[in-house]
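Peer 1: Two chains, two frames, some hints: make the complex.
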Amino acid sequence: MRESVIMKIHYGTALASVALVAVHILFRLTQGFAESLQYESVIANYEFLPYAGMLEIILILLSIHGFNGLRVILLELKQGPTFEKSVSYGCIAAMALIILYGSRTIFMTSMGMV
Amino acid sequence: MTSEGLQISKEESGIIVSPTKTITLRIFRYNPKINNESKFDEFKIPYQRWTTVLDAILEVKKHLDHSIAVRYSCRQASCGSCGMKINGRPALACFTKISELNSDVITIEPMNNFPIIRDLAVGFERMFSTHKKIKPYIINEESEINPGTKEFLQTPEDVEKYIQFSSCIKCGLCNSACPTMATDSSFVGPQALAQAYRYVADNRDKGKDDRLKIIDDSHGIFRCHFAGSCSQVCPKGVDPAMGIQLLRGYLLGFRD
Ligand code: SF4
Ligand code: FES
Numbered sequence: 001m002r003e004s005v006i007m008k009i010h011y012g013t014a015l016a017s018v019a020l021v022a023v024h025i026l027f028r029l030t031q032g033f034a035e036s037l038q039y040e041s042v043i044a045n046y047e048f049l050p051y052a053g054m055l056e057i058i059l060i061l062l063s064i065h066g067f068n069g070l071r072v073i074l075l076e077l078k079q080g081p082t083f084e085k086s087v088s089y090g091c092i093a094a095m096a097l098i099i100l101y102g103s104r105t106i107f108m109t110s111m112g113m114v
Numbered sequence: 001m002t003s004e005g006l007q008i009s010k011e012e013s014g015i016i017v018s019p020t021k022t023i024t025l026r027i028f029r030y031n032p033k034i035n036n037e038s039k040f041d042e043f044k045i046p047y048q049r050w051t052t053v054l055d056a057i058l059e060v061k062k063h064l065d066h067s068i069a070v071r072y073s074c075r076q077a078s079c080g081s082c083g084m085k086i087n088g089r090p091a092l093a094c095f096t097k098i099s100e101l102n103s104d105v106i107t108i109e110p111m112n113n114f115p116i117i118r119d120l121a122v123g124f125e126r127m128f129s130t131h132k133k134i135k136p137y138i139i140n141e142e143s144e145i146n147p148g149t150k151e152f153l154q155t156p157e158d159v160e161k162y163i164q165f166s167s168c169i170k171c172g173l174c175n176s177a178c179p180t181m182a183t184d185s186s187f188v189g190p191q192a193l194a195q196a197y198r199y200v201a202d203n204r205d206k207g208k209d210d211r212l213k214i215i216d217d218s219h220g221i222f223r224c225h226f227a228g229s230c231s232q233v234c235p236k237g238v239d240p241a242m243g244i245q246l247l248r249g250y251l252l253g254f255r256d
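As they're listed, the protein sequences go chains A and B.
Mapping the first sequence onto our numbering, position 64 (from 1) lands on 64, and the numbers just tick up by one.
Mapping the second sequence onto our numbering, position 245 (from 1) lands on 245, and the numbers just tick up by one.
Hints are not guaranteed to be accurate.
[Stated by the list, open to error] To give a feel for the contact side, a few chain A residues facing chain B, derived at Cβ under 8 Å:
#	residue
1	2
2	3
3	4
4	7
5	8
6	75
7	76
8	77
9	79
10	84
To be clear, the hints were calculated from the coordinates, so they are not data collected in a lab.
All C-beta atoms, glycine included, are put in the ideal place defined by N, C-alpha and C.
Bound conformation, chain B alone (with noise of 0.2 Å):
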């Protein structure tokens, strides 16, 4: 790769280009199974104000290297795939623009706290198994499809307290923001503790102290320093922070 990076001209582009604005794409290169080290390959490439960092990582890969890796889906910040650093930020590609990020050269890494697979694209185990073991659904011996039993009405005071938790795409940022999950393999992380505290606020849900037993170790809630990055870097609104209050709330006595 040259110092000056590769480049698209703006016909092979698929993007309709403004004439005048073009970025650098500084991007992570890494393959465990070649050899272990890693470098940043430069690309330089034509945008216009709607162009996504994923449309432009996109672009490089049809026009310039196809073999970067980069997980992807939805393309509309439902999914949750296509976390990854923008700037040294957490931030879903899909949902960043470029010309929001005010800068010429855009730096873009794997997250952190999650393992690198290759390139951009990171293992997820550890965020599905600690989000799988906090039992995230609802726990109730009585069931909405049991005939007899009746619809479990809420209000719209009920469903007020935990629905900004249920918005929640398992994208991972929280947890690639949070400074625990960094030094502590261990931590169950704000992702699942968002999650643990949207059932417990669910009064159709009777699995609370269930979940509140599972949290409720050396490494579960209380290894939270409220340092408050995870609620920084949503992209949904969720506020894994304040819930990870409500729910020391629970264990310390101050709710029932």
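Excised from the complex, chain A in its bound form (with noise of 0.2 Å):
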């Protein structure tokens, strides 16, 4: 992919998350800060399937913006071919981990499996 198409990516995941995680703090200070954090309000948080989906959509967009960054930062500390490729892959795998685990989680809870 060209490195243009990746920066577009990495710009647009930003600018979604922050408007997505302002609406994520909205809510949290809506409810009361301290209670919103409490074990059965979190739980009915994930069982509200549009919030579920919010959470789900910001966990996408960071782990697309901060696995970039990483690989960004990578690129820029060590130069090489056999390098830059386990940066490039390792970021990617490390993504699609962080969004699976995530999302199983997301899943779970919003069917009621916790």
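Peer 2: Okay, here's the thing in structure tokens:
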């Protein structure tokens, strides 16, 4: 993929994450910050499907943005074809794993499996 | 070398001396062919209000130590040969007056981010190869020298878009000041990026897509973090940082 396309995704995911994380924080504030972190309240949030959907989107956006950021930092630290390939594939794999693991948590909680 | 350093008597010096002013030059010495250790040698020389750092180094070479390696040619900020770090800041030695530095000791080192050949002389191979890579010439099938084709007329506004970037003398000070160049040995660098913009912005040129493709890779334009130090040190008033942002506009779809 061309670097400019990757960076458009990088900037886009940053902007979208800021917007959605702001909504997420506003939800916490409207419920009262301390109460909103109580076990029942957290479970209730996950079981409210639109909210669980938003958390899933935040998870995907931040994973893409974060792991691309990590790739960029590592590419600037050290160069070489083998290292650069490992960094690129390693970051994609780590991103996929985090998304899968996080999605599993969101899915199981919203389905009442915990 | 004594801690006092070597000293030129005022009569010996070719410079017409003021009776009171002398300066201590601390010159970086390193010769990889002899050993891997570097050191600073100190020299005291008299100077005048108009004496440049290059004049001072050449005085030292003439009277005290002819073995100092330094590259220079035009002595008037035109050839781009005499870039070095003067009191920690990349600058042209022939364009930096001692009297402007407001310091009794001047530390002179080779530019950062370039391999040292010896003492103050550095290798320019990487910069010249990235400069060549971006195709620093007008790409156009039609040519002013072909019979039957017209002159490529440009309005003052057309010229305004790129003219400051054509002042680049390839001195490498911008690359030396760039923090990304310090860690990323494959980064294309502000000098080449500013030249890519110079030709992309020229309406006689038809090589925009080619050039944008060249700088759009994992060690290309997006590795610039906009520190802006390239533009701060440029002795010719080129603003590579701005050129880079304008080029990014093409790649992100804000300009065409
Ligand atoms: S842009 Fe300025 S600092 Fe960089 S090489 Fe050209 S003249 Fe030197
Ligand atoms: S000697 Fe030519 S730029 Fe300094």
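Peer 1: Quick one, is the residue 3 of chain A hint okay against chain B at 8 Å, beta carbons?
Peer 2: With a closest approach of 5 Å, the residue 3 of chain A hint holds.
Peer 1: Would you check whether residue 2 of chain A satisfies its interface hint, that is, whether its CB is within less than 8 Å of any CB in chain B?
Peer 2: Hint on residue 2 of chain A: holds, closest Cβ of chain B at ~5 Å, below 8 Å.
Peer 1: Answer holds if the nearest beta-carbon of chain B is closer than 8 Å to that of residue 7 of chain A; otherwise answer violated.
Peer 2: Constraint on residue 7 of chain A satisfied, holds at 5 Å.
Peer 1: Given residue 4 of chain A was flagged as interface, is its beta-carbon under 8 Å from a beta-carbon of chain B?
Peer 2: At about 4 Å, which falls below the 8 Å cut-off, the nearest Cβ of chain B leaves the hint on residue 4 of chain A intact, so it holds.
Peer 1: Identify whether the interface hint at residue 79 of chain A stands, where standing means a beta carbon of chain B within less than 8 Å of its own.
Peer 2: Since the shortest Cβ distance to chain B is 5 Å, the answer is holds.
Peer 1: Using the nearest Cβ pair, does residue 8 of chain A come within less than 8 Å of chain B?
Peer 2: holds (6 Å)
Peer 1: Classify the hint on residue 75 of chain A as holds or violated, based on whether any CB of chain B lies nearer than 8 Å to its CB.
Peer 2: The hint holds - residue 75 of chain A has a Cβ within 8 Å of chain B, the shortest such distance being about 6 Å.
Peer 1: Restraint: residue 77 of chain A near chain B, CB-CB cut 8 Å. Satisfied or not?
Peer 2: holds (6 Å)
Peer 1: Using 8 Å as the Cβ threshold, decide whether residue 76 of chain A counts as touching chain B.
Peer 2: At 5 Å from the nearest chain B Cβ, residue 76 of chain A passes the 8 Å test, so the hint holds.
Peer 1: Residue 84 of chain A was flagged as interface toward chain B. Is the shortest Cβ-Cβ separation under 8 Å?
Peer 2: Holds: closest Cβ of chain B sits about 7 Å from residue 84 of chain A, inside 8 Å.
Checked against the numbered hints listed earlier, the structure breaks none of them; every hint is satisfied.
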